[in-house]
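Use the sequences and the hints to build the structure in full.
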Amino acid sequence: MTFSAERRTAGDAETEGAATIGPDSLGRCPLPRSQYGQIVMGHGGGGRLSADLIERLFVPAFGGDVLERMEDQAILRLGHGASTSNGKLAPRLAFTTDGFVVKPLFFPGGDIGKLAVCGTVNDLAVGGAEPLYLAAAFILEEGFTISELARIARSMRAACDEAGVTLVTGDTKVVDRGKGDQVFITTSGIGLVPDGRELSIRSARPGDCVLVSGTMGDHGVTIMSVREGIAFDTELESDCAPLIGLTRAMLAACPSIRAMRDPTRGGLASVLNELASASKVGVRLDESSVPVRLEVRAACEMLGLDPLYVANEGKLIAVVPRDDAPRLLEAMRSHPLGREAAIIGEIVADHPGMVTLRSTIGERILTMAAGEQLPRIC
Amino acid sequence: MKHVDEFRDGQAARKLAAAIARAATRPWTLMEVCGGQTHSIVRYGIDQLLPGGVELVHGPGCPVCVTPLETIDRAHAIASHPGVIFCSFGDMLRVPGSRGDLLQLKAQGADVRIVYSPLDAVNLAAANPDRPVVFFAIGFETTAPPNAMAVWIAKKRKLANFSVLVSHVLVPPAIAAILDAPGNRVQAFLGPGHVCTVVGYEDYEKLSAQYRVPIVVTGFEPVDLLEGVLLAIRQLEQGRAEVENAYARVVDRQGNPHSLKLVNEVFEVCDRKWRGIGLIPSSGLRLRPEYRDHDAEQIFEVDDIETCESSVCISGEILRGLKKPHDCPAFGRECTPHSPLGATMVSSEGACAAYYAHGRHLELVALT
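Chains as they are written, first to last, in numbering that gives the first Met the number 0: chain Z, 0 to 377; chain H, 0 to 367.
What the hints contain is simulated information worked out from the structure, not anything from laboratory work.
Please note that the accuracy of each hint is not assured.
Covered by chain Z, according to a simulated footprint, are these stretches of chain H (three or more residues, beta-carbon under 8 Å) [said to hold, decoys possible]: (1) 3–11; (2) 92–106; (3) 348–360.
Derived lysine to aspartate or glutamate pairs resembling EDC-like cross-links, with alpha carbons at most 16 Å apart [to be verified]: (4) H:Lys1 - Z:Glu300; (5) Z:Lys172 - Z:Glu141; (6) H:Lys1 - Z:Glu294; (7) Z:Lys102 - Z:Asp170.
Just so you know, even glycine gets a beta-carbon here, dropped at the ideal spot from N, CA and C.
Okay, structure coming up:
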């Protein structure tokens with residue numbers, strides 16, 4: 000993903016207001032810092048801390064219209080929009096990159112290699128692009144076994160074949176034992192966006208429907224279930240999969256799709272907050288329509304987590320004009336990766352920048368994830 | 000999902016809300032004691048289902064919130080000791096002390112680990128015999144049994160490198176302190192369901208009789224909470240003051256005798272300072288002398304702890320039910336979970352954090 004961390008939601012005045020009650024009015028009190036002087040784990044959590052890092056450090060450093068759009072991929076017209084000699088517009092390139100540091104490396108339903116291919120393919124696919132080529136950089140820790148690396152490479156190849164992309168270039172670096180954690184992988188990918196296709200998280204309009212391609216939280220809960228110190232028995236598998244087949248089928252059936260996103264870190268709630276914020280609309284979800292596996296719900300109840308904030312690696316959300324929603328839903332359900340697709344809510348004009356969830360009891364606001372989801376004490 | 004869905008059923012909730020509206024003939028103020036209950040109330044909008052005159056105020060039952068700042072600073076000092084493996088429940092990591100939080104200490108090189116059970120910390124001590132392993136033992140009566148078990152096992156296994164930094168607190172003295180405080184407006188309590196699972200509710204019967212205050216032992220799901228409110232309102236309307244158990248599927252009057260025996264074996268009652276409230280006599284637990292070899296406070300000498308709380312923060316009044324997060328000018332503005340000014344915003348169990356997590360700051364903006 001290309002700097003795809005979250006934008007802040009409307010009304011979140013934590014920094015703007017900080018000037019009014021500052022250190023002076025608090026005497027010599029050691030105020031908790033809102034900005035860490037060092038990187039903490041939450042900076043990688045996909046929530047507000049990640050967003051702060053991007054907005055305050057990277058965007059100012061690099062600037063530029065494309066980066067500031069904060070899409071999952073950069074879409075670039077080659078030749079600066081100029082026409083080619085035959086009078087057609089130059090092709091548009093989709094470009095993205097993503098780093099992978101998952102632990103454990105191998106988990107039910109996937110491994111770091113499959114994740115690295117799918118993550119980048121999916122960031123291209125949800126932009127409406129046809130992914131073509133990938134690059135991969137491996138940072139290997141001294142002592143990591145060749146057999147495990149070979150297993151990861153085989154898995155990456157299988158995922159490339161499934162997605163119809165070719166890994167065409169790469170790099171390998173080795174760091175001293177203890178200076179890395181077995182293997183880190185960064186993949187970058189390019190694809191082409193067919194003319195006439197304009198997907199953007201800024202395009203949602205009141206009256207549109209929000210669809211999701213399947214159950215929420217499978218990946219995140221699977222990873223937690225095999226993590227040291229917390230392991231619990233479950234039949235769950237990660238949903239990690241390349242979504243290009245699904246997005247192709249969706250766009251063929253329904254070219255009017257306005258936006259797609261894959262709800263990875265930060266989950267469904269964070270992605271929809273980004274969408275609401277970028278499109279300046281409200282999102283209203285119906286809790287009973289959001290598909291969540293029983294095992295995922297039960298694990299989240301036990302750990303004090305909310306499945307709507309848990310990561311997915313083979314799911315997407317789509318926004319489509321209401322009249323086209325049934326057709327899109329049918330197309331999604333006809334695809335193996337969209338069998339449990341559902342219409343989960345609507346785009347509304349009320350409360351722009353805000354996501355709400357209607358349950359049988361009432362309606363509540365889903366805010367953006369604060370940082371890492373930490374299991375609670377009780 | 001069984002055991003969950005039936006307690007989140009909209010129809011059942013509305014029925015109970017209607018019964019509450021019929022039962023309440025005048026305004027009443029109820030306090031839910033637990034942070035978990037507060038969270039559920041805000042998450043499902045239970046307070047908004049109640050008739051106008053019935054107000055829920057939020058109690059001190061957030062273990063992270065009430066852990067004093069100096070204890071957190073002490074934890075940070077211990078975690079900074081070379082060689083120490085410092086273990087904690089996840090939500091303590093974000094709590095800022097006077098000089099940053101445990102996540103920052105970890106970033107600076109301290110070996111800080113999230114554990115999901117204190118017994119994991121005991122196992123870490125066994126696996127690392129040459130390193131001190133410290134577990135941050137905080138919480139109410141609910142976490143006292145597993146923490147006691149960890150110390151008991153460590154002693155039995157002669158794991159001299161295992162210790163606990165104890166900051167345990169007890170609910171009944173805090174309820175008494177709230178009722179004794181000038182300006183108290185709480186007329187009935189929704190009792191702490193999970194605390195009572197461990198200790199039962201005989202102590203609450205004494206409180207109820209002494210202060211003539213209704214206490215309804217209450218669960219954490221929407222239907223549980225509304226049932227608790229209904230029983231409390233009926234008591235108030237009928238002039239009764241007793242303990243009722245609205246969480247009988249989990250809570251027995253006697254509690255869990257096995258757990259209690261273990262807690263009494265390892266811990267003894269002591270005075271304890273509560274963040275935002277102050278010292279409450281006989282409101283805490285500390286290790287008994289025969290277990291002090293596992294007391295991190297004894298093992299690690301930490302001096303020079305000077306703390307200072309934000310002068311803006313009203314968390315003390317929030318924890319005593321005198322004010323609500325909305326009443327604070329800093330709420331959702333200078334004070335957010337990302338940069339908390341005080342106790343009730345630092346923990347995910349805190350009332351201010353609950354209001355923030357469920358977007359009550361956004362409602363404020365939308366309304367004004």
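Verification of the supplied hints:
1. 3–11: holds (count 5)
2. 92–106: holds (count 11)
3. 348–360: Since three or more residues must qualify, the claim that chain Z covers the region 348–360 of chain H holds, with 7 doing so at under 8 Å.
4. H:Lys1 - Z:Glu300: Holds - the C-alpha atoms of Z:Glu300 and H:Lys1 are around 12 Å apart, at most 16 Å.
5. Z:Lys172 - Z:Glu141: 10 Å, holds
6. H:Lys1 - Z:Glu294: Holds - the C-alpha atoms of Z:Glu294 and H:Lys1 are around 12 Å apart, at most 16 Å.
7. Z:Lys102 - Z:Asp170: 22 Å, violated
Of the numbered hints stated above, the single one contradicted by the structure is hint 7.
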